Amino acid sequence: MTGAQIVFLVCAGLILGSAVMVVTARNLMHAAFWLIAALFGVAVLYALLEAGFMAVIQVVIYIGAIAIMFIFADMLTRREVRESRAQIGRNWPLAAFAGLSILTGLVALILGQPGVSRTASAIPAGVDPVAALGTALVSPDAYVLPFEVASVLLLAALVGAVYIAGIVKK
Amino acid sequence: MSIPLSWYLVLAAALFSIGLYGVLVRKNAIAILLGVELMLNAVNINLVAFWRYLDPAQMAGQAFAIIVFAVAAAEVAVGLALIIAVYRRRKTVVADEIDLMKW
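Top to bottom, those sequences are chains A and B. Residue numbers for the first sequence follow this note's numbering, beginning at 8 and rising by one. Residue numbers for the second sequence follow this note's numbering, beginning at 28 and rising by one.
Hints were generated in silico from the structure; no laboratory data involved. Values in this document were obtained by computation on a predicted structure and should not be read as measured data. Treat the hints with care, since some could be wrong.
Unchecked claim - These stretches of chain B come out as covered by chain A in the derived footprint (C-beta under 8 Å, 3 or more residues):
# : segment
1 : 33 to 43
2 : 49 to 62
3 : 98 to 106
4 : 111 to 117
From the three backbone atoms N, C-alpha and C, an ideal C-beta is built for every residue, glycine too.
Construct all of the structure, not just a fragment, from the sequences and the given hints.
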C-alpha cells in the first residue's frame, strides 16, 4: 500500500462519513458544515488526481460561495423548521432501498468493465494541465462556446436570483 | 499514481447514492439541495478521474467539470432564491407543503 492509496482511503472515509452526516443530521446548520467537510475531501481528491486548478476552485467556489449560501439560506428560513420536527419523510426505507440498489447496480457495472483496474500513466512531459485547461477554455477550436454560454447562464442566474428573492411585498 | 481507476468510480457511485437518498428522504427544501450538491460532486469526481486516467493531454474532462461548477452555482443561487421567496409568503420550507402555484 503506497502513500497515495492511504491518502485516498482516508479521504474516501472523510467524504462518505461527512456525506452520510449531511443527509442524516437533524440540524440543517450542522448538515451544511458536514457538506463543507465532504467538499474539502473532494478537493483533496482533485489534488491527488493532479488537477490543481480543480482543487482550488473546489475550495473557492464550492466551499467559499455555495456552502456559505446554504448557511445564509438556512439562517434566513430558520424559524419554521426546527429540530423538533421530523426532518425525514415517512418513506425513508423506500429511499434507502433506491439508494442501495443504485449503488449496487453502479458498482457491479463499474467492476464489470474492462480496464477499470488500470493505474494512471504519468502526465506527458511538456503538458502543463493548468495552462492546457486555460487555453482549451478560450480556444475557438475547443470550448470557448460552452465557456461563454456558462457566463451568460451565470449572469441570468444572478439577475434571476436578485429578482426572485429581492422583491418584498408588504 | 498507484490508485486503480475503479476506486474513484466506486467512491463516486457511493457519494451519488448517498446524495440520492438525501434528495428523496429530506423534507426541508434546502436539505434537498444539499443532496443535489453531493450528487454533482460525485459526477465531477468521475469527470476528473477519467481525464487523468484516459488522456491527460485532452482537457475535455476538466472543461466539462468546470461547466458543471458554473451550472451548480447558478442552480444554488436560483434555487435558494426561490426557497427564500416561498418562505416569505408561506412561512414554510417543507417541500410537502409547497404544492400550490398561486397563493
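Against the structure, the hints:
1. Counting residues of the segment 33 to 43 of chain B whose CB lies closer than 8 Å to any CB of chain A gives 10, which reaches the minimum of 3, so the coverage claim holds.
2. Coverage of the segment 49 to 62 of chain B by chain A holds [criterion: at least 3 residues with CB-CB distance below 8 Å; count 11].
3. By the rule of at least three residues with a Cβ nearer than 8 Å to a Cβ of chain A, the coverage given for the segment 98 to 106 of chain B holds, with 8 such residues.
4. Check result for the segment 111 to 117 of chain B against chain A: holds, 5 residues qualifying (beta carbon to beta carbon below 8 Å, three or more required).
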